[in-house]
Every structure is written in C-alpha cells, then in structure tokens.
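Engineer: Please work from the sequences and hints to get the whole structure.
What follows is the residue order along each chain.
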Amino acid sequence: MRLALEKRETLPFRIHLLLPVGAVGISFLLSFVPILCAGANPFTAYSYIFYGALGTKTSIVETLVKTAPLILTGLCAAIAFKSGFYNLGGEGQFYLGALTAAALGICTGLPPQTALPLIIAAGFAAGGIWAFGAAVLKTKFRVDEVVVTLLSNYIVIYVVSALLDGPLKDPRTMWPNSPTIMTAARYPLLLGGTRLHAGVLVAIIVALLAWVIMRKTTLGFEIAATGANPKASAYAGIPVIRTVLIASFLSGGVAGLAGVGEVSGLHYNLIEKISPGYGYAGIVIAMLGELNPVGVVLAAFLFGTIITGAQMMSRVTGVPVFLADVIQGITLLVMLAVLILTSYRIRVSLDHLRGAHIKRGITTEGTEYTEYLDADLRR
Amino acid sequence: MPTDLLAMRGIRKCFFGAPVNNDVTLTLRGGEILALLGENGAGKSTLMKILYGLYRPDAGSIFVRGAPAGIRSPADAIRSRIGMVHQHFTLVPNLTVAENIILGLKQKGGIFLDIRAAQQHVRAVSERYHLEVDPAEKVWNLSVGERQRVEILKTLCRGAEILILDEPTAVLTPQESEQLFSAVRALKAGGKGIIFISHKLEEVMAIADRVVVLRSGAVVLERRTSDTNVQELAAAMVGHRIDCRAPLRKRPIGSTILEARGLWVKSDLGIDAVRGISLAVHEGEIFGLAGVSGNGQRELAEVLSGTRGIAAGEVLFDNERVSGKAPRELFERGYGRIPEDRMESGAILDFPIKDNLVLESYYRLPFARHGILVPEKIEAHARDILRNYSIKARGPDAETRTLSGGNLQKAMLARALDSGPRFVLASQPTRGLDVGAACSIRSRLFDARDTGAAIFLISEDLDEILALSDTIGVMHRGEILDTMARAEAGAVRIGLLMAGVREGRA
Chain A
416 MRLALEKRET LPFRIHLLLP VGAVGISFLL SFVPILCAGA NPFTAYSYIF YGALGTKTSI
476 VETLVKTAPL ILTGLCAAIA FKSGFYNLGG EGQFYLGALT AAALGICTGL PPQTALPLII
536 AAGFAAGGIW AFGAAVLKTK FRVDEVVVTL LSNYIVIYVV SALLDGPLKD PRTMWPNSPT
596 IMTAARYPLL LGGTRLHAGV LVAIIVALLA WVIMRKTTLG FEIAATGANP KASAYAGIPV
656 IRTVLIASFL SGGVAGLAGV GEVSGLHYNL IEKISPGYGY AGIVIAMLGE LNPVGVVLAA
716 FLFGTIITGA QMMSRVTGVP VFLADVIQGI TLLVMLAVLI LTSYRIRVSL DHLRGAHIKR
776 GITTEGTEYT EYLDADLRR
Chain B
553 MPTDLLAMRG IRKCFFGAPV NNDVTLTLRG GEILALLGEN GAGKSTLMKI LYGLYRPDAG
613 SIFVRGAPAG IRSPADAIRS RIGMVHQHFT LVPNLTVAEN IILGLKQKGG IFLDIRAAQQ
673 HVRAVSERYH LEVDPAEKVW NLSVGERQRV EILKTLCRGA EILILDEPTA VLTPQESEQL
733 FSAVRALKAG GKGIIFISHK LEEVMAIADR VVVLRSGAVV LERRTSDTNV QELAAAMVGH
793 RIDCRAPLRK RPIGSTILEA RGLWVKSDLG IDAVRGISLA VHEGEIFGLA GVSGNGQREL
853 AEVLSGTRGI AAGEVLFDNE RVSGKAPREL FERGYGRIPE DRMESGAILD FPIKDNLVLE
913 SYYRLPFARH GILVPEKIEA HARDILRNYS IKARGPDAET RTLSGGNLQK AMLARALDSG
973 PRFVLASQPT RGLDVGAACS IRSRLFDARD TGAAIFLISE DLDEILALSD TIGVMHRGEI
1033 LDTMARAEAG AVRIGLLMAG VREGRA
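Top line first, the protein sequences correspond to chains A and B.
Under our numbering, the letters of the first sequence match residues 416 to 794, in that order.
Under our numbering, the letters of the second sequence match residues 553 to 1058, in that order.
The reader is advised that the hints may include incorrect statements.
What the hints assert, rightly or not - Under the rule of at most 25 Å between Cα atoms (straight-line distance), these lysine-lysine pairs were calculated in the DSS-like manner:
id : chain 1 : residue 1 : chain 2 : residue 2
1  : A       : Lys631    : B       : Lys877
2  : A       : Lys646    : B       : Lys877
3  : B       : Lys818    : A       : Lys555
4  : B       : Lys752    : A       : Lys646
5  : B       : Lys877    : A       : Lys555
Hints listed in this document are in silico derivations from the structure and should not be mistaken for laboratory results.
Structural biologist: As structure tokens, then:
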C-alpha cells in the first residue's frame, strides 16, 4: 500500500476559523486518556482547570500574566515561520531578553526615567541579534536554521546558569539568583494588589503591531511572499535575503521582550528556569493561531488558561500538573494533522502492487501532480 | 473487414465530477499510424493513461484483437501487448541500453543474466525497425533522440503490438524527428499499430494514416490524413478558426536597446553554459533564440533576468552596464520579464491573483505609500488586468493556484508588459499552452513590439521562433552559431544549426 498526499482546493475562510477550535476539542478528548489513567474524572478535571484559571479575579489576573509571555513567544514563531525561517530558538531568545533585563536592571548608574525603555530596547535587541545570527548562517552558508536555533537554546540556557552561579549571583543568598532589579527597571503594576503588570499590555500592543505589519505594510507582503515562494519572490525583485534577516530579527526580538517581561514585570530578578518552556509553547501557539497575530493572542490565552488552571486541578483531583504539558503536546500534533488533512487529501493507492508506476510530480497537463508523505511537511 | 487490433468503446472518465473523456470511441488496425490530436486538456493523455492502465474508466470497454481486455494496471496493458513511451523517460542512466531493456523482464536461466544474448536480441530488434543504438552503451552517454529509441525498443522487447507515443517530437531536433519518423514507418511496415499523440499539425499530416481530434474530452473529427488538411484539423482542435500570423509592422526597427558582449556564464555545476555570446536587440525588434533545451538558454535567460551572475563579458542596457544588477533595478530601468517556469519562479501559487500581479511593483506608488500597502489600488489594478488581458479567473482574490496554465501565463505576461517595458525577456512564453492561449500571448508580444519594445524571445518551439521573430539566433552548446534575418531563415537551416551543424560542414 502506498499513501500519497494530494493538494486540495483551498478551504473557505470560515473553515479556517473552525480548524483550531476543532483541533483543541479533539485534543481535550484525547487527553481523557491520561486523566483517566491518573484516576480522575476528566469532566471534573477540566472544570477545575477552567475554574482555577478564570473563576476569580485573582485567577484571571494570574492567567493574563501567564498569557503575556506566551503571546510574545507565539509571535516569535509566527513571524519567523511566515518568512520561511523556522526559528525554534524562542526559548534561548527569551532567556537572552531576561538576562539583559536583569543585567541592566541592577546597574544603579542608569537614569531612572530612561531605565525601562532602555531595558525593553536592549532586551529586544539581544533576542533579535541571536536569531539574526542563525539567519545569517542560513542565508550566507545555507546552514539549516532548525538545527542552529534549536541547539543554540542550550548555549544560552547554560550560559545563564553559569552567570547565575558566578558574576550575576546575588551574594546575599545561596541560590543561583541575580540580585533584585531597581524599581525604575520594573514594569508598573496595572491593578493594585495583584501581579497584573504593564508587560501584559506590552504583549497585546506588540501583537497589534505585528498584525499591522503583516497585513498592511510592504514588509509584511515581503515576509509572506518570501515564505510562500522564495524563488518567485527573488525573481520578482523582492529582496529575499534582507527580508529573512529582518523577519529573524523581529522574531527573536519579540521573544526577548517575553524574557524582559518575566524579569521586569514578575520576578524582579533573574532565576534559573525562569521559563517553564514558554519558547517551545510559542511554536504550538503559532501553529494553532495559523501564524496570524490575532490567532496567536487567542491561542496564547487558551494555553495561559490551561497552564494556570492545571495547578488547581492538580490540587483537587491529584492529577499531576504535567497534564498541562501533555495537552500542549497533543494539541500540537492534532493541529499539525488537521493542517495537513485540510490542505491535502490522503490517497491510498494499491496500484504499485499491480505494477503501476506512479511517478512523483507527473505534470503532463501542468495542473496535476502527486506528492508522497515524505514530501516537505514543513511547508 | 479485418478485426481491429484495438478498439476503445464509449470511454468515459470524470475528475471531480467534470468529464475529461466523454463517450470516446477509437479504433486502431495493425500497420496503421493513428494520430491523436488535441489541445492541452482535451483529454488525450487521460485517454491514453486509461489504455495503459494508469487510470480506470468510469464507463466503456477496451478490446484487443476483438477480445475484451481487462486492463487494470500497466502490467495488464503490457500483457495485452500495449506499450507506452512517455514524454519523460524512465531509464536508469548508469546502466547500458541492453540492461535497461531487460530490467524487469522475466528471463530464463535462473539468477544469472545472459547479457550477451540480451544484447544480440536488442541489436536484432533495433536493426529491424531502424532504431539504431548500441546495446552496450551506457544510457547517460546517449542523446535525447537515442534515449527515446531505447524506450521504444523496451516496449518492443516486451512484445508490444500497440505503441503509444506521447508527444514524441516535443524533445527532438527536426533531424531527430525525421529519424523517429523513419522508425515509426518501419514499425508500421512490421504490422504494429501506433498511436501518435501530438499537437503539431504538419507533423501529423506527414506521418499519420488517420487522425482523431479530441476537444473537451470528445471526438470531434476523424479523417484519413489524405482526406483532410491543416486548416480543417486546426479548426477542429480549437473549435473556431485562428489566424496567428504576424500583423504588419507599424514601425521600423530602431536603435540598440540591449546588448551582450562576450558573455560567459557558468551553470550550477560550474560548467561553462554560455560561451562567449554577443548579441544585440533593437527597438521594435523581436530577437528569437532557437535551440534544443539544455544548450545554455536557461543560464542566459537567468543572467538577463538578474538572477544569475556572469563569469566574463557584460550586458548593456541603453549603453549602461546592467550585468550583475538585481531584478528590482532591472524592473525600474524598464525590463519586463516572463520567467521560463511560471509555476516555480513566476507566481506564488498560494497568493491571491491580485498580489501576484503586483509582485514586482507592490512597493511603490500607487500600490504602496511610505511602506503601507494601498489595497484598493492593488485590487483595482487586478480587475483592470483580468479584463484587459481576458484572464479567466474567479476574481482578483482567487488563489493563483486555481488558474489554468494558459490564464496563469497571461497573468505573467500582463505583469511583464503592464509597466510599459522597453525590453522584454520572454522565456518559453507559450510552452505547454494550447493554440488559443498561445495565439493571444503572441499577439500581445506583437503589440509590445509595435510600441517600440525590444523583445528577446527564447523558445524551443521552432514554429514559434519562425512565426514571431524578426531576427533569429541559434544556440548550441553555449554558443550562438549563427544569426540571421527572418527572411533568410528556413526550418531546415535552423534545424541543422540546432543540431550543431554549421553550413559548409554538413
């Protein structure tokens, strides 16, 4: 038996809106299995997730605070993927942003009025330059960016650990933490008595900006064109290399902002494991949001809800909090499957058993072609 | 009346509810050459794929020598003594001719191959049918024409009595085509039945005994070639008469617009693909570059379109050096470019049509202002183009993937010509298009010529070169062997040059 994927006609827009909803629904159903294995009632578990995340004012604030970095790392992946630059380095770029915020935040020499804007700009630049480097390797030397960005995460994370055990270590504690940043380096709080900080607002503004750039500007046009067909884009005169470099910088920069938010808005110092995998969750969020900034905000909110609510669910039902990670993983797989099945149809063919020879890419009439399952799934 | 060697009766096949073959009936006798004629999309290929077992018909039946043939796969077709030579060859380059031919054949003698016997057998068959080729030669050493002969030999050695040749001359030089015709005549004399797919009318008149014309999946005409003529066949193919002769020139040829001097270009593999070419294209002139594909035309086109660097020499536009300039600068200087491969380098198939139409000009007025796109202008531009170039599309927002080949090519042409270019590079502008679409593209090129554009046409289709060009150059192995005015050019002279034969040496 041979499985072949054939390109389908494009689906109408409203179906595209339903795709992520369906994918999330399927993922929730599939997650019944691990919940049952943990000995809990799935409906009880889910109701505690939603109650724990959205039931009270405090819990809603907590969910928003978790959503903010997810929006930014989701945008990081979305911008890069749209340009055809598969940046899986959101996690490392996040850490660089956090490191920059902590390092500058403890410099008492900074003028108080400009400390925060400076930290935001520097954190953006730190993450951006890191992704930009991978883009240079890709465009100049054809080094695969997936490998480079993924592996460079470890470099950053371990460098941060080393710094926290050395020069950046707070001498007053025995933990690998940096000293607390000065007040001028902190995001102001939006709601007294809660942890709701201005970083949440920053995330939403950045998402709006990203939407404007992608939909309304020539740069967004160039990014989408380069990602969809670099050869035709180059032929038509679009500066594809410059476009990938710009997209990579914006992508990494946005992830850096997420790291800034965690230090300046939440912890007020740099700690080891400051990200519970926000960078990787961003990849799932970008896919679920179909690389659209608005979709990313919605997907990030959903994931923020699950991560926050999983705490209460765990306390009440005894299901480990890791369920949140399990749901994320399942959602990614389901969404990828949904995307493939909606743009391709699977054709099961038995012809080759009878001696048929179906060639890859028969194009006698120019319109018809066959692709096999091992074709480039990244596109 | 003798039994037909092959009869297909009432064949019907639908794709996605649209009929591609509608009640097609077709017969073939032994010792007969039947031409299957039709535009792209007329259903020729589908019909033949049904005969060869690659598709199953929704209705209808196939009889071989009067008996129903249950053909469900190519293996069944081969058993029924049907052989097919595809346009794209299926040979293993690093095996010899004989090895390729016995590949997949069951043979006596257990696990040991008797290559010598195989070679003798191949030699005997090849001599009988004028299919000269050395059985011991490795396939990668062979020319396209020779490889095609190997494909035909392959079907014969599998016992084929019915041969399907799918546009066999599309890849051949005129001389190679002549050789093919002599082989086809020998096969006919040997009692084989041959189905010859083509859309070249002269060729059909020259070789076939009988011709069946398909249009929109149905048989619209069946004639003995002795009872018909090119005009009737053309009319049957397209459904209405088409006159595609060059209109009278409205202005004389003017000054030089584009000039190449001593141009050397390397291919992707680092081989010299273009070897010291010099040429000039003038205002109001169509310069046609003829040649068999793979002789450096692609690399030359890429240099002229700004997507490939040069090794030596220079390209001048208005006496200014433009070699090494990026596509955007060329566009701004007044280049219009039609890429060779509209699906890959031409259009972004996932984009709406309107965006592909501004893919070169999106960044400047009126389509963008200070880096912000102006969607109304982009949309209005697309509406104008779709109307002015009679492109059949669902609308400016329709995905470009949904366009047919001809309409996509019209869109590419519109993009290249709409900015009023002074130089137009047209690479294979009508490849794979049917007569109607090709004709409309050609008349646009004539219009551009008459407004004073210098047009550089690269085409493998000799008829197209002869129909369009004012000046003709012939490229062979990276060199332009000769350049001549249209009046001095004849198909034979150009054909010889395409094969690398300079006059006086033949």
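Engineer: Now, for every hint given, state plainly whether the structure supports it.
Structural biologist: Taking the hints in turn, this is what the structure says about them:
1. With a C-alpha separation of about 29 Å, the suggested pairing of A:Lys631 with B:Lys877 is violated against the 25 Å cut-off.
2. Pair hint A:Lys646 plus B:Lys877 holds up; C-alpha atoms about 17 Å apart against a cutoff of 25 Å.
3. About 20 Å separates the Cα atoms of B:Lys818 and A:Lys555, which keeps this hinted pair within 25 Å; it holds.
4. Using a Cα cut-off of 25 Å, the hinted pair B:Lys752 and A:Lys646 is violated, with the two alpha carbons roughly 32 Å apart.
5. In summary, the hint linking B:Lys877 to A:Lys555 is supported, as the alpha carbons are separated by about 19 Å, within the 25 Å threshold.
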